[in-house]
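The listed protein sequences correspond, in order, to chains A and B.
Take the first sequence: its position 224, counted from the start at 1, is 224 in UniProt numbering, and no numbers get skipped.
Take the second sequence: its position 137, counted from the start at 1, is 137 in UniProt numbering, and no numbers get skipped.
A few of these clues could be false.
Okay, derived cross-link-like pairs now, BS3-like style, lysine-lysine, Cα gap no bigger than 30 Å in a straight line [as the list claims (entries may be wrong)]:
no., chain 1, residue 1, chain 2, residue 2
1, B, K244, A, K277
2, A, K117, A, K30
3, A, K43, A, K277
4, B, K209, A, K30
5, A, K26, A, K132
6, A, K26, B, K209
7, A, K117, B, K244
Chain A side only, calculated, beta carbon under 10 Å to chain B, not exhaustive [unchecked claim]:
no., residue
8, E4
9, E38
10, V45
11, E56
12, G87
13, L126
14, C127
15, E128
16, T129
17, G152
18, Q153
19, V154
20, L205
Listed next, with one range per pair, are the computed distances between beta-carbon atoms [unchecked claim]:
no., chain 1, residue 1, chain 2, residue 2, range
21, B, P36, A, A268, 38 to 44 Å
22, B, A245, A, R83, 37 to 43 Å
23, A, H314, B, I220, 57 to 63 Å
24, B, E190, A, T171, 45 to 51 Å
25, B, E218, A, N61, 41 to 47 Å
26, B, P36, A, Q75, 21 to 27 Å
27, A, E120, B, I220, 48 to 54 Å
Honestly, the hints are just simulated from the structure, not real lab data.
Just so you know, these numbers come straight off a predicted model, no measurement behind them.
All residues carry an ideal CB built from backbone N, CA and C; glycine is no exception.
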Amino acid sequence: MIEERFDAIVVGAGMAGNAAALTMAKRGLKVLQIERGEYPGSKNVQGAILYADMLEKLVPNFREDAPLERHLVEQRFWIMDERAHTGLHYRSDDFNEEKPNRYTIIRAQFDRWFSSKVREAGAIVLCETTVKELVKDAYGKVIGVLTDREGGQVHADVVVLAEGVNGLLGTRAELRDRPTPDNVALAVKEMHFLPRETIEARFNLKGDEGVVIEAAGTISRGMTGMGFIYANKESVSLGIGCLVADFQKTGETPYDLLERFKKHPSVAPLIEGSEVKEYAGHLIPEGGYNAIPKLFGDGWVVVGDAAQLNNAMHREGSNLAMTSGRLAGEAIFQIKSRKDPMTAANLALYKKMIDDSFVIKDLKKYKDMPGLLHIQSQNFFLTYPQLVSKALQNFVRVDGTPKAEKEKLTLKSFVAARSWTGLFGDAIRFARAWR
Amino acid sequence: MHIVVCIKQVPDSAQIRVHPVTNTIMRQGVPTIINPYDLFALEEAMRLRDKFGGEVTVLTMGPPSAEDSLRKALTFGADRAVLLTDRFFAGADTLATSYALAAAVRKIGSSIAPVDIVFTGKQTIDGDTAQVGPGVCKRLGFLQLTYVSKVVNLDLQGRSIEVERRSEGGVQVLRSTLPVLITMLEGTNEVRRGSMVNALSAARAEIVKWSAQDAGVEDIGKCGLRGSPTVVKRVFAPTPRAEKAALVDPAGRPPADALIEEIFKLRPKLEDDMFQLARGF
């Protein structure tokens, strides 16, 4: 056992863990951060998009030395069927601003940089060390962790669980249930390397401009899921994910979906001739507001993916992770500076702070969406995309059919597929969940 | 007892590639590791320390980022780390490297504690020369024990050490007086994990950084590119073997017999050699 006692132990060195460790170390708390990977970022998988605002609150001048890929100037939403995509693209020169709002990043590089800031702030970062269990006192208060190293028990006033989506530590300690298959998605992604100029030509970019494509439709074969394509400097991140419960039900495999996505006529030309250097898979929390577990207790708080804080509708996760980590760190600092103990009653401050932030407000807004999209996945991911695609093709194809007749045909195809009540029901359900 | 272990930070050769057009090694983004052979040297040194007392100092020469390797060595349980880093050292071949390292070992001996044993790995996985260890040894005027598989005995009072050395066709048991330099063979031990105490102190440790001047290097002209007579004329990637696997149809024969017949058909000389060998028994 280690004699020395820390103010806080942070388990995990992803976005949430780094944010928490940095926040506390900057304020002079004695912080120990423990990461099981070889280096921070070695186990972390994300597309990935970085949201500047949330990082600025932690490292205001991050643009000076953070390893950033491209700043985003364009967002494309694609509704896909087997041979087509119907796109809604938004591109604005406003995003070519002095302090851009979003960037593509490569997590293995970014997390190392982020961790260097944590170290500079004075926290001790231990890698290649796995926390096996939480140590509790006779009253059930968490008082430290037990690692897999010899003499591996370390004590602290509070443990910040930033252990990621699986959350083995928290579930083992019975702080929360294991995530259920309908609350997590399994996503796979590949990194396709291409020369810089090729990427810029294919995606219509210049300099460090970047683009994000988010795609839904028949590519998920009726399951609740999405595909994505992110342009990095010299690589394209491309992936697809669906709910684990849907994979279970259908017997589909993630790599098969990815292969099909890559072969889609709208996607294939973007990555043609590329060299694949990385293949990764990861779980993503998708349960939204209703899946959020208890966020604090005696001697512990949980942040980031482990707390299921992910906005599936907007594909935001790392910013929620960073914010929850920062707020947990701030709450702990406040309690500590009042010289109060890290009891559940005092740590409730973290819950209050996160409830007041965009994190919980956004998740609350979409609380019914995950359920709706899951139950109605056949309609939203198969039927409607096909109908939309047909309708658009009908609209643009010139073949001598009078326009009025074309419109009637389109309407008929919608009614035939979903019936009037079905259409109205879907519209109302969707609007309600969105509201 | 004071042991110095020389380690090198090398690119993880499993992940390295040669640029198809320029034929240069693409180091960008390739993770670095401690030269795997050096880990056997480090573990052997720590075992001697644990048994006979004393300290293990880890030494490396490299860019400032080589600090990562030293910190890792501390995590395994080394007591102290010294990083030899200076732009004068850049571009060194084995001659210039051994010159600089020898100076640093001398300095470690005079400023920290006299050095009894220097350990190195058998060779590195990036250069594969196995020259630096012996080079350092010669310059220090130590006795040299290369390709050592095991330290059998150490007598600190009598200032002697006994080791097993793998050589062609057998094992030599050698005894030498201290101080010695030992180059350690691979597969001889398994590096330990390092306790929580080791890991915590490694994370906190201030790595000592020495410039050429700090290390007491006398002739800067013998360091780095200037002190390196070796010239790399060409780097190339070997062409992958074109031979393909073949499926052997036993056609009624026992499968093993069929396989051997097919192999001998492809390699007639192998059949003769095997007969010669068999006759020997």
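Right, here's what the structure says about each hint:
At roughly 25 Å between alpha-carbon atoms, B/K244 and A/K277 fall within 30 Å of each other, so this suggested pair holds. For the proposed pair A/K117 and A/K30, the alpha carbon gap of about 15 Å is at most 30 Å, so the pair holds. Distance restraint check for A/K43 and A/K277: the Cα-Cα separation of roughly 16 Å lies within the 30 Å cut-off, and the hinted pair is therefore satisfied. Distance check on the hinted pair: B/K209 and A/K30 sit about 26 Å apart at the alpha-carbon level, within 30 Å; holds.
This hinted pair checks out: A/K26 and A/K132 have alpha carbons roughly 27 Å apart, not beyond 30 Å. At roughly 27 Å between alpha-carbon atoms, A/K26 and B/K209 fall within 30 Å of each other, so this suggested pair holds. Restraint check for A/K117 and B/K244: not satisfied, since their Cα atoms lie roughly 51 Å apart, outside the 30 Å limit. With its C-beta approaching chain B no nearer than about 8 Å, A/E4 sits inside the 10 Å limit, and its interface hint holds.
The interface hint given for A/E38 is met, as the beta carbon of that residue sits about 8 Å from the closest beta carbon of chain B, less than 10 Å. Because the closest C-beta pair between A/V45 and chain B is about 17 Å apart, greater than 10 Å, the hint is violated. Given the 10 Å rule on beta carbons, the hint for A/E56 is violated: about 27 Å separates it from the nearest Cβ of chain B. Hint status for A/G87: violated, given a least beta-carbon distance of 33 Å to chain B, over 10 Å.
For A/L126, the interface hint holds, since its Cβ comes within 10 Å of a Cβ in chain B; the closest pair sits about 5 Å apart. Interface hint at A/C127: satisfied, since its Cβ lies 9 Å from the closest Cβ of chain B, which is below the 10 Å cut-off. Below 10 Å, beta-carbon pairs count as interface contacts, and A/E128 has one with chain B at about 8 Å; its hint therefore holds. Against a cut-off of 10 Å between C-beta atoms, the interface hint on A/T129 holds, since the closest Cβ of chain B lies about 6 Å away.
Evaluation of the A/G152 hint against chain B yields a held restraint, the C-beta minimum of about 4 Å falling below 10 Å. Taken as an interface hint, A/Q153 checks out: its beta carbon lies about 8 Å from the nearest beta carbon of chain B, inside 10 Å. At about 7 Å, the closest approach between the beta carbon of A/V154 and any beta carbon in chain B falls short of 10 Å, and the interface hint on this residue holds. At about 22 Å, the closest approach between the beta carbon of A/L205 and any beta carbon in chain B exceeds 10 Å, and the interface hint on this residue is violated.
Distance hint check: the CB atoms of B/P36 and A/A268 are about 41 Å apart, consistent with the given range 38 to 44 Å. Checked against the hint of 37 to 43 Å, the pair B/A245 and A/R83 passes, with Cβ atoms roughly 39 Å apart. Restraint check, A/H314 to B/I220: a C-beta distance of roughly 59 Å satisfies the suggested window 57 to 63 Å. For the hinted restraint 45 to 51 Å between B/E190 and A/T171, the CB-CB distance of approximately 33 Å leaves it violated.
At about 44 Å, the CB distance of B/E218 to A/N61 agrees with the hint of 41 to 47 Å. Roughly 46 Å separates the CB atoms of B/P36 and A/Q75, a value that falls outside the hinted 21 to 27 Å. The hint said 48 to 54 Å for the Cβ distance between A/E120 and B/I220, and at roughly 33 Å that hint is violated.
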